[in-house]
Structures are given as structure tokens and as C-alpha cells.
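2 protein chains.
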Amino acid sequence: MAAPTNNMARGYAVTDPKNYLDFQVKEYELEPLADDRITVAVECCGVCGSDHHTISGGWGPWETKFVVTGHEVVGKVVEIGKDVTSVKVGDRVGVGAQVGSCGDCKWCKNDNENYCPTPVHGYNTLWPGGAEHQGGYSTHIRAQELFVFPIPDAVPSVEAASMLCGGLTVFSPLVRNGVKKGSKVGVVGLGGLGHYAVLFGVALGAEVTVFSRSDAKKADALKMGAKAFVATDPGFEKGHFREFDVIICCASSSSLPIDELLTCLDVGCKFVFVGMPEEGIKNITSQSMAGSGVALGSSHIGCRTEALRMLEIAAEQKVKPWIELMPMKDAAKAIQAVEDGSVRYRTILTQDLV
Amino acid sequence: MAAPTNNMARGYAVTDPKNYLDFQVKEYELEPLADDRITVAVECCGVCGSDHHTISGGWGPWETKFVVTGHEVVGKVVEIGKDVTSVKVGDRVGVGAQVGSCGDCKWCKNDNENYCPTPVHGYNTLWPGGAEHQGGYSTHIRAQELFVFPIPDAVPSVEAASMLCGGLTVFSPLVRNGVKKGSKVGVVGLGGLGHYAVLFGVALGAEVTVFSRSDAKKADALKMGAKAFVATDPGFEKGHFREFDVIICCASSSSLPIDELLTCLDVGCKFVFVGMPEEGIKNITSQSMAGSGVALGSSHIGCRTEALRMLEIAAEQKVKPWIELMPMKDAAKAIQAVEDGSVRYRTILTQDLV
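Sequences listed follow chains C and H, in order.
Using UniProt numbering, read the first sequence as starting at 1 and increasing by one per residue.
Using UniProt numbering, read the second sequence as starting at 1 and increasing by one per residue.
Hints are computed from structural coordinates only; laboratory data are not their basis.
A few of these clues could be false.
A pair holds if it fits inside one copy or across any two, identical chains being indistinguishable in the list.
DSS-like cross-link-like pairs, simulated, lysine-lysine; straight-line CA separation at most 27 Å [unchecked claim]:
1. Lys109 to Lys180
2. Lys109 to Lys238
3. Lys181 to Lys109
4. Lys181 to Lys223
5. Lys320 to Lys106
6. Lys88 to Lys180
7. Lys106 to Lys181
8. Lys106 to Lys227
9. Lys238 to Lys106
10. Lys65 to Lys218
11. Lys180 to Lys18
12. Lys329 to Lys26
13. Lys76 to Lys218
14. Lys26 to Lys223
15. Lys218 to Lys109
16. Lys180 to Lys320
Isolated chain C, as found in the complex:
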């Protein structure tokens, strides 16, 4: 894998949200290689639900003229800006759903750069000054050093890729809610995010219970390491009063049995949405939270220190995501599978443009 020629990359681009499954190979200029940026030659890239929401226009009009999605990238460092010190050319690295932040605000300085008010996202985003950033269904991406994570040797690239958004999105609320050996973790919904919540919950030493609408994924959940599986039939909450130290909600339905799930949280604990129902959350009363002094919250990816710790744990605990590989040219098929909910449990696109 080589550095880009004349600053140009090639990627699988969508040019019209109305035809969002029509990926075409496009050549485009990368953003400048600023002093704190790194160029990564893409080896593989995970497919995230966000990719579908963005290219279809479901999350609103685009910021960039066309969109090359992909924000779960693993590849090799092929260029570094002159201020970069943490990696060198040739290193294997990962980049997730954020490639830039201001670096100056309170949050960039206190391990909350994932909450920087002026983030640069993994695609469909502009750098300050206006340069477009495109994503990882491509030959190359550029990112600020802070968002480029060395991948431990023990973690294969295709296994690391979807950890960088999907994994980190659940790992951050797990550790921010104090999950450790013996913690009781609930996971609602077993999709791409939910499967990572099980894997990393278990890797952190927690006892994980999966809540799902039916028993369809029970065998998978148990194979991933979950201790228990609960189909959310009426009355499901009865045997789980105040059992959990945190519940990570990975479902994106807006008709979840939230009041019932809240009774499953121990006093003072939190129900964290990482799934993003497009409609609002309904039927919440403060009374339903007061009974055990619990809270409903949400979370946005994770910070660098969490990403590094996650990768370290993945290496040590041999965390194995359940992934399906496809060549990058099958991006449309991969997006279709996200739309159908048929992915088990994350798709990784492998490089075929070089």
C-alpha cells in the first residue's frame, strides 16, 4: 500500500441520496496533509448503520458534494504530518467515526474529545476552512493524530475494524458507568452494537444479560458469552428487579418497554441509549425514574484513551467479533443487509481498489 499520488484517493461514492445503493468508483482530492494529520492506506472498513442513514439522506442533506462512507477503517500509515509522533509510516492503525476536533476546548483536554463541539466526523463532513473529508470505502483517508489508534498485533485488521465505531460506541458507556469484574450488565437488542456490548461486557468481567423481542437470537447471545437471555414478553421484568448496574440499549425502536426495563436497574444506575430511534422516546415519566433514582442517558462514540484500552482488552481477552467479509465493491449489498437487519453481526469490506 502506497501513499496517494498527487494527493488523490479513489473511493466507492454515492452521488445522489435517491440512488443511495448506486456506488461508483470516484477519484477525489484528499484534504491537505496538515502537520497533525496522518494518511492511512485503507486495508478494510466496517459497515455501520450510520452509513445507511447518511447516504439515504435519512439524517438530512449532505455536507459534501458526494459521499464516500466508511468510518471503521484499518490500514497502514503511509504519510505523517511533521508534528506527528505517536505512529510512523508502516504502522498498522485504525480510525473510527471521528477524524478531527479543535484540540483547544475543555473537552478536547479532558478525555472528552468525542464531545468536542466542533468535531470532524468520519465522512460527509468538512474541516474548518471547508476541505471535504471522505470515508473509508476508499483507498486512503486522512485523520488527525489524536484519532489514529495503533492496532495491537494480536488483533487482525478485519476484527479490529468494526470495533473502532461499533465497539467503541458501547465500550465507552460500559467503562464510564464503572463496569468491571462482577458487574451486572443488561444489553437491549442484539445487532452490531449489541453484539459488541455483550463481547466487551464479558471481556470486562461482567455478567451480561441480553433483552430481545424474541428468542430468535438466544443461541447467538449465549455463544457470545451472555449469561442470560430474556425475551421481552409481557411481565419479563418481574424476575429482574434492580438486577443491573447499567443497561446499554442498542435497539433503535421507539416502542421499547422502557418503564419495565427501568425497574431492572439498580438504584442510581443508568439506562444508556446508543441506538438512536428516529422518533422520540415515548411514555417516559419522572415517576418511573424516581422509584429507584435511575436515569436515562445517551453517549457518543468514545475518546482516544477508551479506544486504546478497548483495543488492549480485545488483544488480551481475545475478543472475537462476529463478522462477515465482503469485497468493497459489494458495498451496496452490505448496506442492503444493514437495511434488512440481516447482518450477523457486522460486515467488513476488504480493499479491492488497489
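With chain C fixed as given, assemble chain H onto it according to the hints.
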């Protein structure tokens, strides 16, 4: 003040929720003086919004045959069960919105007895076994030792009374959310609870900002020690991005500008409802919480250690609640004022039955 004669108390009772302003003096038998219980001769009793909700049937049908409300009691210990060691006859004590718990569960043992799944409330409640407990618009109440708090000499009875529910209800979420010197605290709604959130926020060393629908209570808020006052007109949130370490919501409207208020919370912080809108909370999206990784929660009174610390701080910092005194026979007038929202900011009924 004497011990009850023949185990009988007298109180201002409501006998029919349809005529909930028709208080009549009634004589009734107290629950037994169990070994861990204390009899308190009532000196004064605060009037809480819950009193109105309960006697009017707004919170559902009654548990007891008639209701003597009042769960912000200060008085003298006149009898103690044989296992009681923390107070003696003659001590001045307070009792709040909880008078009993199981004593055996995990929560009773980890300073969360206010979240015991089998609590005995301040009135309209039964002890295990079925004995009725009546409240503090009366000559005497009985409570478990755990819920009887010595009142520091520096705090007058009429000032301590409404701290025991109103004060503790906001003090607990303040301290559980880490409020200390220099913390930034938002308080939504300046009523009985909100005024205590300001007073105790300030006493803990925080900078307090009050959010209210109009400027009507601005002067009061500043006099209570608030640093700033914000009328929630459209766009009000603009100057307060991520300013607060916690927001205590004391308003009971279900049409609060919650999304806007959430943007005023710092990353990872909490919006705590202690006001209880009868309708649900509307228009919440997980997206509105994800932006700063914040949460919406609630809280239920507080535990003994928090009550004792609150009273200690009230003594040390000379916390002065804004109260109006009335003789107990004016209970109907006091309830009417709660209903009208005209109380500034808490009414205390003083003993007139003995």
C-alpha cells in the same frame, strides 16, 4: 408536650377526597410502639405538595380509612422503643416523608433506605401487618429510629421542618451528583423545592442559576443566593452551553424546554427531575442526550446520612428557608395556597391541638 394517652393521637383529618379541604379533628390509635420506634410529640409540620396530591385523590385511592397528612415534622421525643439508642426522651427531632423500611434489604444496608422496596411513607400508608400510619398535622407520630433525625440546636424547629422532605428531596441529588465548592448548578422552577435547591446549592458552595418561565421571581432567587436568573424565553439556552454540572428540575410542568435545557449540561452530567409532572415527559430523543452524553434522571427523597449532613450544613451555613407560619387549624388554607401556587416558599403549620 407529653406522651400519648392510651396510645391515642389527635390530628386534622380528611375523610373524603371529594371534600379534601374539610379537615376535622379526629382521635385515632397510633401504630404500636415497636422496639425500634419512637413517638414524637409534634411541634410543627411543613406543608408539601404531596399533601395536596394525596388528600385530593390525585395520586390514587387511599390506603388508610382517613388521612392525616404532614411529613415534615419537628417535635420532641416522648417515648422510645426498647432498642432505640440514638435519641432519648426530650430530644428535639425531625421526621420526613418516610417513617419505615424493611431494614434487611441491600438498599437499607447501603445508605439507600429511601429506595427500600417496602417503605412506610409519612402518611396514607400501612406498616407490615396492617397498622395504619398517620402524619404530622397531629399531636403525635411514630417512626422507626432510622428515620428520626436529631435537629441541631442552631436550627429553629419551624426552619428545620420543611427541610425534612422539601430540603432533603433536592439535597440528595445535589450531593449524589457531586456538588461542591465551585460546582455550577441549574435549578428549574422556583417553588418550595426550587427554593431549597438554591439555598442548599449555595450552602454547598455552588454557583446556582435559576431557570423560570418569567422574570417574576428573579428578585427572590437572587436574594436566596442564586448567581443568575434566566427566563426561559426562546433562545435562552444560547449563552449557557454545557455550563452546568447538574440541573435539578423542580418544575412539574410536562412542557418544559427539555432539549434546550439539556444543552446547558456539561458532558456526562445529569438533569434530575424532582418535580413530578402528572403527564409524561414529552419530546425526548436519544439524540438530544447523545450530543453531550448527558442523562435525564429522577430521585426519591434522601437517606439518613444525607438528612443528617443536610441539617449539619443548615446549622453551619445558617440556611434560612423562606417560610410562612400558620396554626395547624388553617391546614385547608395552607393546602389551598399550594394548589394556587401562591406559597412563598413553604408553609409551616404550628401545633394548636395541645
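Lys180 and Lys18: within-copy, between-copy, both or neither at 27 Å Cα: Answer is neither: 45 Å inside a copy and 53 Å across each miss the 27 Å cutoff.
Within, between, both or neither: Lys180, Lys320 at alpha-carbon 27 Å: So Lys180 and Lys320 pass the 27 Å test inside one copy only (19 Å; across, 43 Å).
Same-copy or cross-copy closeness of Lys320 to Lys106 [CA-CA at most 27 Å]: Close neither inside one copy (35 Å) nor across copies (36 Å); limit 27 Å.
Homomeric proximity label, Lys329 with Lys26: Cα distance no greater than 27 Å: The answer is within: 12 Å in one copy meets 27 Å, while 83 Å across copies does not.
Copy assignment of Lys218 with Lys109, given that the CA separation must stay at most 27 Å: neither (42 Å within a copy, 36 Å between copies)
Identical-chain pair category, Lys88 with Lys180, by Cα at 27 Å: Neither: 34 Å inside a chain and 45 Å across chains, both beyond 27 Å.
Same-copy or cross-copy closeness of Lys76 to Lys218 [CA-CA at most 27 Å]: neither (38 Å within a copy, 60 Å between copies)
Within, between, both or neither, where Lys109 and Lys238 count as close if Cα-Cα is 27 Å or less: The answer is between: 23 Å across copies meets 27 Å, while 44 Å in one copy does not.
Intra/inter-copy verdict for Lys238 and Lys106 if alpha-carbon distance must be at most 27 Å: between (43 Å within a copy, 18 Å between copies)
Intra- versus inter-copy proximity for Lys180 and Lys109 (alpha-carbon distance at most 27 Å): both (26 Å within a copy, 22 Å between copies)
Copy assignment of Lys106 with Lys227, given that the CA separation must stay at most 27 Å: Only across copies: Lys106 and Lys227 sit 23 Å apart there, 40 Å inside one copy, limit 27 Å.
Intra- versus inter-copy proximity for Lys223 and Lys26 (alpha-carbon distance at most 27 Å): Cα proximity of Lys26 and Lys223: none, with 41 Å in one copy and 65 Å across.
In summary, the numbered hints that this structure violates are 5, 6, 10, 11, 13, 14, 15.
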